[in-house]
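Asker: Sequence:
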Amino acid sequence: MDVLIKAGAERAEAHTAIQSLKGVYDPRRDLRVGDELQITLGPVLDIAVENVSDALNYELSSLRLPVTYDREVEVERAEDDDFIAREIELPLTTEFVRVSGAIDSSLFVNGRNAGIPISVLIELIRIYSFDVDFQRDIWNGDAFEVMFERQRNQDDVVVNNGDIHYAKLTLRGTALPFYQFETSKGTVDYFNEKGESVRKALMKTPLDGARLSSRFGNRKHPILGYTRLHAGVDFAAPTGTPIYAAGDGTVEMAKINGGYGKYIRIRHNGTYSTAYAHLNGYARGVNSGKRVRQGQVIGYVGSTGRSTGAHLHYEIHRDGKQINPLGLKLPSGEKLKGDRLAAFQSLRETVDARFASLAGPEQVAAGSEKQLTD
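The sequence shown begins at 694 in my numbering and counts up by one.
Honestly, the hints are just simulated from the structure, not real lab data.
A portion of the hints provided could be inaccurate.
Claimed, not checked - Straight line, CA to CA, 30 Å or less: simulated BS3-like cross-link-like pairs of lysine-lysine:
#  : residue 1 : residue 2
1  : K1030     : K887
2  : K878      : K1030
3  : K983      : K878
4  : K893      : K1014
5  : K878      : K1022
6  : K1022     : K893
7  : K948      : K893
8  : K1030     : K861
9  : K878      : K861
10 : K983      : K1022
11 : K983      : K1014
12 : K878      : K893
13 : K699      : K715
14 : K1030     : K893
15 : K861      : K1022
16 : K887      : K861
17 : K887      : K1028
18 : K1028     : K878
19 : K983      : K948
20 : K1022     : K887
21 : K983      : K893
22 : K861      : K1028
All chains should be modelled from the sequences, with the hints used to inform the complete structure.
Answerer: Have a look at this one:
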């Protein structure tokens, strides 16, 4: 309300305008630092005042507040001087973008250099994290291709980088293409050419852009000084890097656990559980008994407990015993059949044709325009 008053609105009308937002928009919850508000004041002539220059005043006419990249809330003055709030959909143009390149450093570095937005690159890494060990499987000369959608507003400004529709990694001559498709449960997932989901029960690497710094097996402990079993793998990453739940499950422990420091253990089923150690902190709401979904942020990389630097210590337990996460072989998820497989193969042909029409390392194809609706 203070913003409206500073812009020239009367306190009473500012209060009425804010009250009209109830059920549509909560400024205390939805308004973020840096958001731009559009405030319109309209002229009003007070006929009771003889001097025209003194008779001209301004009143709040309308207010626009951002909700998401494709939605705003508009507050307008009604004829009875009340205010009416409504959510409106913004007109956007969707286009498809193709980016490809060779890997001579890492997928993350070369992907960024090729122009893949951070959000798209993180999703690309997540898609392949079920099948690819980014420390051992990536070699100089490998290649990547990706086609994703993005949206522009009426001013031709990119306001959102959207879903990946197609991706392919070529690793030592072996191509791994994946396509976006809707599962039988109505959710979006990625499938290989045979219609097999990339998703597996557990992720090999439950964080993005990390460097494998210590493998499973016997090693000389960096702090204790003697050789002992290193019952997990360590991923070096900057403090605060998000850590994901490797699979669906229930949090069994989320607290300090001796030399492990801040620690989380998740039970996935009657056989498997995973553990995450040396965390800097826990994600909001993650505590014992909490159900979590695969890919959900559960905590952040740190160096608590017996640790010489920021990293994630990651363990997979099978029947209560630690096993090598990098050597774990798990069955794939959903396999499309019948009509669903036929629909997928048809979509594959459409996606392949669209991708082929975009020549060059980064090209754009127009999609559709979302029309303004009241």
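Asker: Indicate, hint by hint, whether the structure satisfies it.
Answerer: Verification of the supplied hints:
1. K1030 with K887: holds, 10 Å
2. K878 with K1030: The given pair, whose Cα atoms are some 14 Å apart, holds under the 30 Å limit.
3. K983 with K878: holds, 23 Å
4. K893 with K1014: holds, 20 Å
5. K878 with K1022: holds, 25 Å
6. K1022 with K893: holds, 10 Å
7. K948 with K893: Holds, at roughly 27 Å.
8. K1030 with K861: The given pair, whose Cα atoms are some 23 Å apart, holds under the 30 Å limit.
9. K878 with K861: At roughly 25 Å apart (the allowed maximum being 30 Å), K861 and K878 satisfy the hint.
10. K983 with K1022: holds, 27 Å
11. K983 with K1014: OK: K983 and K1014 at ~23 Å, within 30 Å.
12. K878 with K893: The given pair, whose Cα atoms are some 16 Å apart, holds under the 30 Å limit.
13. K699 with K715: Roughly 22 Å between the alpha carbons, so the hint for K699 and K715 holds.
14. K1030 with K893: Distance ~18 Å between K1030 and K893 Cα, so the pair holds.
15. K861 with K1022: holds, 22 Å
16. K887 with K861: Between K887 and K861 the Cα gap is close to 14 Å, so the pair holds against 30 Å.
17. K887 with K1028: Holds, at about 8 Å.
18. K1028 with K878: Satisfied, since the Cα-Cα distance of roughly 13 Å is no more than 30 Å.
19. K983 with K948: Satisfied, since the Cα-Cα distance of roughly 13 Å is no more than 30 Å.
20. K1022 with K887: holds, 19 Å
21. K983 with K893: Holds - the C-alpha atoms of K893 and K983 are around 21 Å apart, at most 30 Å.
22. K861 with K1028: It holds: about 19 Å lies between the C-alpha atoms, which stays within 30 Å.
Figure legend: structure checked against the earlier numbered hints; every hint is met.
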